[in-house]
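Colleague: Heads up, the sequence shown is in our numbering, so the first residue is 6 and it goes up one at a time.
Honestly, I wouldn't trust all of these hints.
In the BS3-like style, the derived pairs of lysine-lysine whose C-alpha atoms are separated by at most 27 Å in a straight line are [stated by the list, open to error]:
#	residue 1	residue 2
1	279	126
2	331	182
3	186	279
4	320	331
5	320	182
6	335	294
7	186	331
8	124	104
9	186	320
10	294	182
11	104	175
12	175	128
Think of the hints as simulated: they come from the structure by calculation, not from any bench. Since the model is a prediction, treat every value here as computed from it, not as a measurement.
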Amino acid sequence: MWDEFTEDERRNTTGYGVNCGRAGLVVIDLDTKATGVNGFDSWAKLTEGNENPATLTVSTPNGGEHRYYRITDAQRGGYANIRNSVEKVLGTGIDVRAKGGQVVGPGSTVWRDKDDRSKGKGKYAIKHAAPIAELPDWLFTKLTAKPEPKPAAAPAHSGEELPYDFPSMKAKRVLDKAALKVMNAAPGSRNDTLYRQTYAAAAAGAPTHAVTAAMTRAGIACGLPMDEIERTVPRTVEEGAANYVPEYEPVNVTAETRSATATAAQKDGEGFTKNYFTEDNLAPLFADKLRSTTAYVTEWRAWAVYEPTTGAWRKESGETVSQWAKSYFKAVYDDAVDRGTAADEVATRRLHSVAVCKNIMGSAAEELAVSSLVFDANPDVMLAANGAIDLRTGELREAKPEDYFMRRTGVRYLPDAEHAGWTTILEAISADTREYVQTIVGQAFTGHQPTDASIYFFHGDGSNGKSSIIDTTRACAGDYATNPSANVLLRSSGANDHSLMVFKGLRLALFEELPDSKHLDAYIVKRLSGSQVLRAPHKYQAEEEFRVIATSLINTNHLPASPRWSTAPGDASRWSPCPTSS
6 MWDEFTEDER
16 RNTTGYGVNC
26 GRAGLVVIDL
36 DTKATGVNGF
46 DSWAKLTEGN
56 ENPATLTVST
66 PNGGEHRYYR
76 ITDAQRGGYA
86 NIRNSVEKVL
96 GTGIDVRAKG
106 GQVVGPGSTV
116 WRDKDDRSKG
126 KGKYAIKHAA
136 PIAELPDWLF
146 TKLTAKPEPK
156 PAAAPAHSGE
166 ELPYDFPSMK
176 AKRVLDKAAL
186 KVMNAAPGSR
196 NDTLYRQTYA
206 AAAAGAPTHA
216 VTAAMTRAGI
226 ACGLPMDEIE
236 RTVPRTVEEG
246 AANYVPEYEP
256 VNVTAETRSA
266 TATAAQKDGE
276 GFTKNYFTED
286 NLAPLFADKL
296 RSTTAYVTEW
306 RAWAVYEPTT
316 GAWRKESGET
326 VSQWAKSYFK
336 AVYDDAVDRG
346 TAADEVATRR
356 LHSVAVCKNI
366 MGSAAEELAV
376 SSLVFDANPD
386 VMLAANGAID
396 LRTGELREAK
406 PEDYFMRRTG
416 VRYLPDAEHA
426 GWTTILEAIS
436 ADTREYVQTI
446 VGQAFTGHQP
456 TDASIYFFHG
466 DGSNGKSSII
476 DTTRACAGDY
486 ATNPSANVLL
496 RSSGANDHSL
506 MVFKGLRLAL
516 FEELPDSKHL
526 DAYIVKRLSG
536 SQVLRAPHKY
546 QAEEEFRVIA
556 TSLINTNHLP
566 ASPRWSTAPG
576 DASRWSPCPT
586 SS
């Protein structure tokens with residue numbers, strides 16, 4: 006187990022380390038150097054009523070001691086589960102070193118405080134020269150037990166609350182970053198990236214159902230086939246979850262806690278804490294400045310910014326966020342000049358580097374990553390010019406960033422409003438279909454498709470009122486409606502898959518005039534009715550899979566050719582004649 010020094014080594018060596026793993030050792034380090042810390046008291050409480058055999062004990066230069074134990078043959082299989090830890094497993098003032106760890110060997114001479122050499126040197130001296138005892142079973146059990154995680158407190162800032170079933174904010178962020186990496190994976194490495202990131206997220210403690218859902222969406226977003234995703238994700242989630250080791254104290258770091266820590270660690274004339282100005286520290290601080298009103302959308306590879314004046318989010322090219330970053334870095338530099346040391350000022354000069362700024366912004370993007378699926382996801386709410394409307398109750402309230410509205414209408418919501426022109430338009434519709442048309446147009450403002458799974462034709466020659474219905478509806482719906490090209494519906498029209506992306510998140514599709522006697526594309530019609538899932542690419546980007554929620558209304562003088570054309574219930578198309586001018 007031990008190699009003996011030669012005389013030359015003994016003369017020329019002042020210290021050496023003991024590789025615990027190679028020697029099959031567990032070393033208990035009782036510490037007393039920190040103010041108010043007494044590892045001896047903690048050890049006494051821990052061993053009270055338990056076996057505490059005499060063993061080789063080494064005193065440390067600062068008044069602590071190392072207690073050496075060897076693992077037994079029966080314990081060898083679980084040796085790798087003993088974690089090297091600082092006060093997290095056995096209590097205050099007690100550190101553990103086992104496989105993968107090492108301690109300073111007895112006889113070594115070291116500085117008591119490497120930052121203050123006025124305290125002189127001290128020696129690791131043998132205190133009890135007893136044989137190394139076997140690790141007691143009770144202690145082995147305690148060291149290898151998986152601890153129950155403490156409940157994680159919700160972050161102090163709004164906009165990033167810890168989901169109830171995540172053990173820590175760290176687990177949530179690992180999952181978010183893993184999904185981002187899969188979505189951005191290059192062709193040829195997508196399945197490998199999916200495997201590695203799924204495992205990492207599950208091993209970090211993210212709930213298995215959340216990992217499965219997020220990584221499935223990410224796999225679809227990067228273009229992997231569904232059967233390949235289904236082969237990879239479930240088994241990898243199980244593998245990762247089996248290797249999850251909970252932390253004792255999940256830490257939710259916020260701008261407030263970081264600022265408080267940094268302030269407490271600063272003293273007049275002594276500058277900022279070590280590593281304060283590193284990229285790893287500044288990136289989450291910058292992200293905290295943006296959190297709740299700025300997000301990085303993984304599928305777009307672009308930023309989104311919340312506009313309080315409208316209550317809606319907008320896609321951002323990156324220039325605005327870049328300007329915010331420059332302002333933030335200037336504030337950091339000014340702070341270093343005002344409150345820091347000369348060394349702090351020198352450290353912050355790196356922030357003038359374009360590469361450093363890009364790195365910090367890239368890390369902040371990972372912290373703030375969201376899927377495009379979060380936007381306009383609630384089908385029962387829409388954003389009007391004067392607030393958010395609950396379409397189930399008619400209640401109007403103030404819009405919030407966490408609503409993730411991106412679409413909105415510029416029309417104000419007035420519950421009791423009436424308009425003579427609209428009444429005239431409705432009266433132009435035949436009495437037997439008027440209520441049905443009102444119902445269809447009304448529900449088109451929701452994120453739900455009609456229950457009869459149809460597309461709807463407003464048909465008739467000349468100025469008969471149908472355009473008035475479509476135009477008024479379009480004006481009231483705002484961003485929730487658009488006018489897709491009629492070619493999308495037609496067979497052999499030359500429309501490509503890119504044109505289908507217009508239906509992502511769209512609630513109301515308003516088509517203007519179809520060519521005479523053209524055949525509808527049955528495949529597209531089926532998927533635009535009945536809440537079908539569509540798969541389509543953005544131009545020059547990977548495919549996305551999304552659910553179609555749009556109600557399709559078609560204003561036409563010519564009914565298209567169709568092998569199934571009737572007004573009978575169950576058909577995919579409905580038509581309403583508009584015989585009256587308005």
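Colleague: Evaluate each hint against the coordinates.
Modeller: Hint check results:
1. 279 - 126: Since the Cα atoms of residue 279 and residue 126 sit roughly 25 Å apart, the hinted pair holds (cutoff 27 Å).
2. 331 - 182: 24 Å, holds
3. 186 - 279: Outside the cut-off at roughly 30 Å; violated.
4. 320 - 331: 20 Å, holds
5. 320 - 182: Holds - the C-alpha atoms of residue 182 and residue 320 are around 20 Å apart, at most 27 Å.
6. 335 - 294: 14 Å, holds
7. 186 - 331: Holds, because 26 Å separates the two Cα atoms, which is no more than 27 Å.
8. 124 - 104: 32 Å, violated
9. 186 - 320: 21 Å, holds
10. 294 - 182: 19 Å, holds
11. 104 - 175: Satisfied, since the Cα-Cα distance of roughly 25 Å is no more than 27 Å.
12. 175 - 128: Distance of about 40 Å is beyond 27 Å: violated.
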